[in-house]
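Undergrad: Sequence:
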Amino acid sequence: MVVVGLTGGIGSGKTTILEVFKSLGVPVYIADTEAKALMNRSKVIKRKLIHLFGEEAYKNGKLNRPYLSSKIFNNKELLIKMNAIVHPKVASHFKRWVSKQNAEYVIKEAAIIFENNLQSQYNYIITVVADEDLRIKRVIKRDNASEEKVKTIINNQLSDAEKIKKSDFVIINNDLHEAKQQALNVHKEILKKIK
1 MVVVGLTGGI GSGKTTILEV FKSLGVPVYI ADTEAKALMN RSKVIKRKLI HLFGEEAYKN
61 GKLNRPYLSS KIFNNKELLI KMNAIVHPKV ASHFKRWVSK QNAEYVIKEA AIIFENNLQS
121 QYNYIITVVA DEDLRIKRVI KRDNASEEKV KTIINNQLSD AEKIKKSDFV IINNDLHEAK
181 QQALNVHKEI LKKIK
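The sequence shown runs contiguously to residue 195 in our numbering.
None of these hints come from the bench; they were simulated from the model.
Take these hints with a grain of salt, some might be off.
Stated by the list, open to error - FRET-style restraints, in silico, Cβ to Cβ: (1) ASN60 / LEU191: 40 to 50 angstroms; (2) ILE194 / ARG47: 17 to 27 angstroms; (3) ASN185 / LYS43: 25 to 35 angstroms; (4) ALA91 / ARG47: 18 to 28 angstroms; (5) LYS62 / ALA84: 21 to 31 angstroms; (6) ASN75 / LEU24: 34 to 44 angstroms.
All C-beta atoms in this analysis are idealised placements derived from N, C-alpha and C, irrespective of residue type, glycine included.
Based on the provided sequences and hints, a complete structural model is requested.
TA: Structure follows, in structure tokens:
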């Protein structure tokens with residue numbers, strides 16, 4: 001099975017582009033969504049996260065995301081430890097998911113493919129980019145976040161220029177109509193390469 005990675009910085013509009021691929025019949029796996037689900041579902045992950053962060057990691061049996069975010073936001077070491085617990089579980093869940101798909105290719109959306117040096121796991125990588133001011137506006141609107149917080153997140157991620165260098169395809173998502181057309185073109189290109 002051909003696995004295509006889709007990545008991009010916060011607010012670049014990855015979800016919107018994924019919807020285009022879904023509408024073309026491409027199975028889509030969103031790593032972040034699955035990670036959150038597994039953090040709530042898996043007893044092993046729960047036990048390890050409570051050991052790492054304390055009882056407050058879960059509230060009424062559900063993952064306490066604001067608490068975890070506050071703990072890892074400025075603590076790279078804790079983030080690395082948390083990822084070491086969650087990522088292997090997501091990876092095996094993804095493998096099982098892929099084995100059930102029946103398509104020319106699948107897309108796995110993951111925000112930090114390059115940051116975690118995971119590009120070897122993909123046959124092709126698509127990076128979604130957008131102007132920084134537009135990204136900031138989108139995230140403020142979506143998450144009700146402060147401009148300062150969004151800029152901090154952007155500065156902690158690899159720059160678009162770096163991601164573009166390492167990608168097979170780039171979709172510029174400043175204008176929705178144009179971005180959808182680019183996604184369609186990328187889809188056709190991938191199918192051509194697979195043949």
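Undergrad: If a hint holds in the structure, say so; if it doesn't, say that too.
TA: Going through the hints against the structure:
Taking the beta carbon of each, ASN60 and LEU191 are about 46 angstroms apart, inside 40 to 50 angstroms as hinted. Judged by the Cβ atoms, the range 17 to 27 angstroms given for ILE194 and ARG47 is violated: they are separated by roughly 41 angstroms. For the pair ASN185 and LYS43, the supplied restraint of 25 to 35 angstroms is violated, since their beta-carbon distance comes to about 44 angstroms. Checked against the hint of 18 to 28 angstroms, the pair ALA91 and ARG47 passes, with Cβ atoms roughly 19 angstroms apart.
Between LYS62 and ALA84 the C-beta distance comes to about 22 angstroms, which sits within the given range of 21 to 31 angstroms. At roughly 40 angstroms, the beta-carbon separation of ASN75 and LEU24 lies within the given 34 to 44 angstroms, and the hint holds.
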